[in-house]
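Sequences are here, hints too, so could you generate the full structure?
2 protein chains.
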Amino acid sequence: MAAQVEAVVEMSNINGNGVAASCRERLCSALDGLWRSIVGFAGKLAKIAREDPRRVAHALKVGLALTLVSVLYYVTPLFQGFGVSTLWAVLTVVVVMEFTVGGTLIKGLNRAFATLVAGFIAVGAHKVADLCGDKGEPILLAVFVFLLASAATFSRFIPEIKARYDYGVTIFILTFSLVAVSSYRVEELIKLAHQRFSTIVVGVLTCLATTVFVFPVWAGEDLHKLAAGNLDKLAGFLEGMEFECFREDPTSDDLENKAFLQVYKSVLNSKATEDSLCNFAKWEPGHGKFGFRHPWGQYQKLGALCRQCASSMEALASYVVTLTKSQYPEANPVLSFKVRATCGEMSLYSAKTLRELSAAIRTMTVPSKASTHMSAAVKAAKCLRSELSEDAALLEVMHVPVIASLLSDLVLQIQKITESVDNLAKLAKFKNPEKTQKEVVINVGS
Amino acid sequence: MAAQVEAVVEMSNINGNGVAASCRERLCSALDGLWRSIVGFAGKLAKIAREDPRRVAHALKVGLALTLVSVLYYVTPLFQGFGVSTLWAVLTVVVVMEFTVGGTLIKGLNRAFATLVAGFIAVGAHKVADLCGDKGEPILLAVFVFLLASAATFSRFIPEIKARYDYGVTIFILTFSLVAVSSYRVEELIKLAHQRFSTIVVGVLTCLATTVFVFPVWAGEDLHKLAAGNLDKLAGFLEGMEFECFREDPTSDDLENKAFLQVYKSVLNSKATEDSLCNFAKWEPGHGKFGFRHPWGQYQKLGALCRQCASSMEALASYVVTLTKSQYPEANPVLSFKVRATCGEMSLYSAKTLRELSAAIRTMTVPSKASTHMSAAVKAAKCLRSELSEDAALLEVMHVPVIASLLSDLVLQIQKITESVDNLAKLAKFKNPEKTQKEVVINVGS
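Residue numbers (our numbering), protein chains in the order written: chain A, -1 to 444; chain B, -1 to 444.
Some hints here could point you the wrong way.
Copies of the same chain look alike in the list, so a pair counts if it works inside one copy or between any two.
Taking lysine-lysine and the BS3-like style, the derived pairs with C-alpha atoms no more than 25 Å apart in a straight line are [said to hold, decoys possible]: (1) K263 <-> K299; (2) K299 <-> K160; (3) K350 <-> K427; (4) K299 <-> K367; (5) K287 <-> K429; (6) K299 <-> K269; (7) K414 <-> K263; (8) K414 <-> K256; (9) K269 <-> K160; (10) K269 <-> K223; (11) K45 <-> K263; (12) K269 <-> K424; (13) K223 <-> K350; (14) K299 <-> K256; (15) K299 <-> K350; (16) K414 <-> K377; (17) K350 <-> K377; (18) K377 <-> K367; (19) K299 <-> K414.
The hints are simulated quantities; they were obtained by calculation from the structure and are not laboratory data.
Below is the structure:
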C-alpha cells in the first residue's frame, strides 16, 4: 500500500515535472518571440533616428517646451497670476510645436491672432445678447454661434484661406464658441479672456524660443536641399543611361532591376512636401545663408520643371526596358553606332549640367560651368537631328513610328488598368450587366 | 468793408462747395470700388458653393453641431451634471468635425481612445508622484511629462503611426500633460477626469450624429467617383489624339492650346487626395452600394496605374506638339497613311475601353464590352508591330532614333531647368565662384 502510494506520488511528480517543463518551454518561446519583436521595433526606431537625427532633437524639444510651460503651474506666484487658464499654455504648446521653425511660427501666429479677433467679437456678441434679458440671451448666443461657425467653416473652402489660414479659422471658431457660450455662466468674462489670451501668448513664445534657439530646423534649408537632391536624382538617371545603354558594350542583361531606373521616381511625388516647405519658408526670419526675402517661390518653379523632366524619364525608361526585352537584331550597325554615340553624349553632358546645377545650389554659387555642359548637350542634340535629316529615308519614317510606339506602350498600360478594374469588379461584387449574350456578339461585330 | 466781408464769405463758400464735391466724388469712387470687390468676392463664394453644394451643407452642419452641444451649457440641469468641463464638448466638436463621415469617425475615435488611455496613465503618474512628498511631486511630474511627451512625439515619425494615429498621439500628449500637470493643484482628480471624458464622448457623438444623419458625405463615394473621373480624363486625351492627329485631314493648326492636351494633367496630382480618401473610406460603415468590407485598397492600385498612364501621355503629348511645330515633310505617304490609320485605331479602341471601364465603375456593373474594345486595341498594336517588322529597313532604324528623340526632348527640358536655376541664382544673389577666367576657359577646352 505504502509502496503504491509512493509510486503514485512519484508518477504525479513526474507528470508535474513534465507539465512544468512544457510550461517553461512555452514561456521561453513566448519570451523569445517578445524579445525578438522588441529588438525588431527598436531597430526600426533606431533607423528612423539615424535617417534624420533632427527627429530625436525635435522630440526632446517638445518635451522641453512642455516642461518649461508646466513650471507656470508648479510655481505658486506664477500660478496665481494666470489661474486655471495656465492649462491653455500647455494646450498651446502641444498643438503649436511643429518640426520646422516656419511651421511653428505660422501656427503660433494663426493661434494668437485668431484668439484675439474671436475673443473681441465674442465679447461684443455677449454684450448684445445681454441686452435681450435672461430668456433671450441663450437663444441669441446660440444663433450667433450657428451663424459665425457656419460662415467660418465655409470660408475654409476658399483655396487661399485653406492654404494659409486653415488652422487660424479653426481656432477662431473654437475661441468664439468657447467665449460666447461660457459668457452665459461666467461673471468676470473680460478678466478670463485676458488671462486666457496671455497664457496662449506665453505658450506660443515658449514654442518659438524652443524651436529657434535649440537645434533649429529651418523649412527653407530643407527646401533648398530638396531642390539640389532632386537635380542629383535626375542626373543619376542620365548617368545610368549613359553607362548601361550607350557604351560600346552595353551591359543590358537585367536592365529592369537597375537602381538608376528607380532613382527619379521620388521626384515625381515631391510636390506636396515642396509646397508645404515653401509655405513655411516664406514666414521664417533670415537665417544662415538665407535672407528674409529669399526667392522661395523660385524653388516651386524649379520643382515643377524637375517633375516634368522626371515624367519624360519615366516614358524613356519604360521604352528602353521594353526594347531590351524584345531584343531586336541590329541590322545597321554603322548608323546604330553613330546614333548611340550621340545619345551617350547627350546623356553625359545633360547629367554633368544637372550635377553642376545641384552643386551650384548646394554651395549657393553661380553655376558657371553648367552652361558649357548644357551647350555641349544641345550641340549633340542638334548634331543628331542634322545627321538624321541627312539620312532622308530615316527621317521620313521615323516620326510617325515614334508616336506609334509610344501609343502601343499606352495600350499595354491601359490593358493593366482593365485588369485592375476587373479585379475591383470581382472583389467588390459588381452586378452583371442586364444584357443577353446576343447583344454583346452584335457589338463585337459592329 | 461789409461788401468785402461778404465777398470773402462767398469765396470760402464756393471753395467749401468745391472741396465737398471732390470729397463726395472720392467717396463715391471708393464706395464703388468697395462694392465691386464685394460683388467679386460674393461671386467667388457662389462659385465655390456651386462647384460642390455639399460644402454649404457641411458649413451648416458644423454650425448645427456646435449649437446642439452648446445647449448642454445653457440648460441648467445638464450643466450641473458636467460642470465647467462642458467646454470640452464644444472644443471637441470644433476639432473633430470633418467634411467626410470617415474623417470625422477617425478623428472622433482617435480623440476618445487617446483621452482614455492618456487619462489612465496620467492618474497613475499622479499616484506615483504623490508618494514622493510635496517637494518631490512637481519634479517627478515634470520628469514624467518630459519623458512621455518626447517618446510620443518621436513615435509620430513612424510612418504607420503618422498615417493613422497622428491626431490620436497629439491628443495623448495633450491629455497626459493637462491631467498630470493639473493633478498638482486639483483635489478631485478622478471626478474631473471622468467629467472631461464624458463631455468628450458627448462631443464626438454629436459630431457623428450630425455627419451621418444630415446630408452625409461619404469618403468612399468620393473615392469611387474620383476613380471613374480619372478614367474618363485619360479617355478624353486619347479621343482628342484620334480626332486631331490621326484623321485623314488632321487639324493640327495650334495643337498646343487644345483642351485634350491638358485634360490628363490633374490625374498626375491625384495621389494625395486618393490616399486620404482611401484612409477615411476604410473606417466608414456600409452605406448605399458600398458594403463594410468594400475593397478600397483596389482604388489605390488603379490610381497608381492611371497616374503611370498619364505620365506616358505627357511624354506622347510633348512629342506630338514638338512634331507639329517642326512640320517635317512626309516623304513616304503610303507608309505614313498606314501607320496613322493603325494609330487612330489604337487610340479609338483604347479610349472606348477606358470609357467602358469608367461607366462600369459608375454603375458598378461588370465591364463586359471593355475586353472587346481592349482586344481590338491590342490587335491593332500587334498588327502595327508586324507591319513594321515586315518593313525591315524601317524596323532596323526605328528603335534607336526613338530613344534619341525622347532624349533630345529631355535635353530641352534640362535647358529650361538650367534657366530656372540661373534665375534663382540671380534672385537669391548666389556668390560668384572663386575662379579666374583662365580656368573656365581651360575647362571648356577639355
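Item to check | Broken hints, by number | outcome: Of the numbered hints given earlier, the structure breaks none, since each of them holds.
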